[in-house]
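Asks: Protein chains in written order, with this note's numbering: chain A, 353 to 544; chain B, 353 to 544.
There's no promise every hint is true.
Same chains, same label: a pair holds when it works inside one copy or across any pair of copies.
Pairs of lysine-lysine residues, derived as DSS-like cross-links and limited to a Cα-Cα distance of at most 27 Å, are as follows [stated by the list, open to error]: (1) 519 x 403; (2) 379 x 519; (3) 375 x 458; (4) 474 x 458; (5) 474 x 403.
For the record, the hints were derived by calculation from the structure and aren't laboratory data. Quantities reported herein were computed from a predicted structural model and do not represent experimental measurements.
There are 2 protein chains.
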Amino acid sequence: MTRWEPGARERLVVAAVDLFTEKGYDKTTVTQIAERAGVTRSTLFRYFPDKRDILAAGQETLSLLLTEGITEAPAGATPLEAVAAGLDRVSDAMGTLNRELGPLMKAAIAASAELQERHVLKSVGLATSITAALIARGVADPTAHLAGELGVLAFTRGYAEWSESDKQSERPLSYYTAAALNELRVASATLG
Amino acid sequence: MTRWEPGARERLVVAAVDLFTEKGYDKTTVTQIAERAGVTRSTLFRYFPDKRDILAAGQETLSLLLTEGITEAPAGATPLEAVAAGLDRVSDAMGTLNRELGPLMKAAIAASAELQERHVLKSVGLATSITAALIARGVADPTAHLAGELGVLAFTRGYAEWSESDKQSERPLSYYTAAALNELRVASATLG
């Protein structure tokens, strides 16, 4: 299973988010990020072709974990149960670092139009991964699309709540994503 | 009510889409678009600050029409009935030009990563407008978000089908968006 391992890549992400928060995204250079992370510029470019890719870091891993969890959900699982299994898989792979990055990334994104666009594209990419994994399970098309949107809304909401939760709390990300997904499931019955 | 009137703005959009399709997005210059539309470069820049804004043309109008239709839906309308009223308002304002642009825009977008990003951001902007208009009607938050996503999926699907439909057909856009919205409503009962 894919895991986020502490190492150069993680140090680069933490350094970048720190600097984006301190100086703003536009005023942060790639050289400063590499220096802060204690790696060379060429090491940075090996991980991230472009400065803006740094905040999208982990998207590929996220998509992979979601897809794995959905694919391996029991055959009888409903579409939303499969999505919940994908979110559980993501939760298993996310540790304290991921949780602490939440508020910092939020601040950096709020301050930059470019990062906002990047963030939106990332969310849409995740929805596409969920939809594709459900279609591969035989879920019909409009249902799969809808479940993809619900999965992203649940991840976004759950991740925000987990990031902002009491640090002493031992509740994993999956506690919050499952609650958000359930709330959306209930809401879907009130669409009319 | 806002309408798409034939004029410089529309000629610019048609010229741009034609050129994007013929030459590709990257190889089309602003000067060529202005020439083809029979306007000056400064007229073009009055309407569109940036080349990529041309294909996002109409987004603001779309958002406005959706919001108007949702806001003015009867007090007893369910969230999805209000969204349908918004889509009907859009349909009333869209004529043959909008329909014929569909396949051309699709081809231009398929050929350009930048336009794909722009298109995704446009869709997310529409979802946000629908959600905000529903919240203003007193719809609770997760339901409003969900209905926003359904509205955009229904618009995207309905617009694609309308654009590709038999030109002799007199069915308006709203016929296709209503069918798509209903399909999504039915699908929402199969999420599990």
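Asks: State whether the alpha carbon distance between residue 519 and residue 403 is at most 27 Å within one copy, between copies, both, or neither.
Replies: neither (30 Å within a copy, 47 Å between copies)
Asks: How do residue 474 and residue 403 come out at 27 Å by Cα distance, when the copy is not named: within, between, both, or neither?
Replies: Both. Shortest intra-copy (15 Å) and inter-copy (24 Å) distances satisfy the 27 Å Cα cut-off.
Asks: Are the CA atoms of residue 379 and residue 519 at most 27 Å apart within a copy, between copies, both, or neither?
Replies: neither (31 Å within a copy, 52 Å between copies)
Asks: One pair to classify: residue 375 and residue 458, alpha carbons no more than 27 Å apart. Within, between, both, or neither?
Replies: within (15 Å within a copy, 40 Å between copies)
Asks: At most 27 Å between CA atoms: does that hold for residue 474 and residue 458 within a copy, between copies, both, or neither?
Replies: Result: close both inside a copy and across copies, 14 Å intra and 21 Å inter.
Hint violations for this structure: numbers 1, 2, all remaining hints satisfied.
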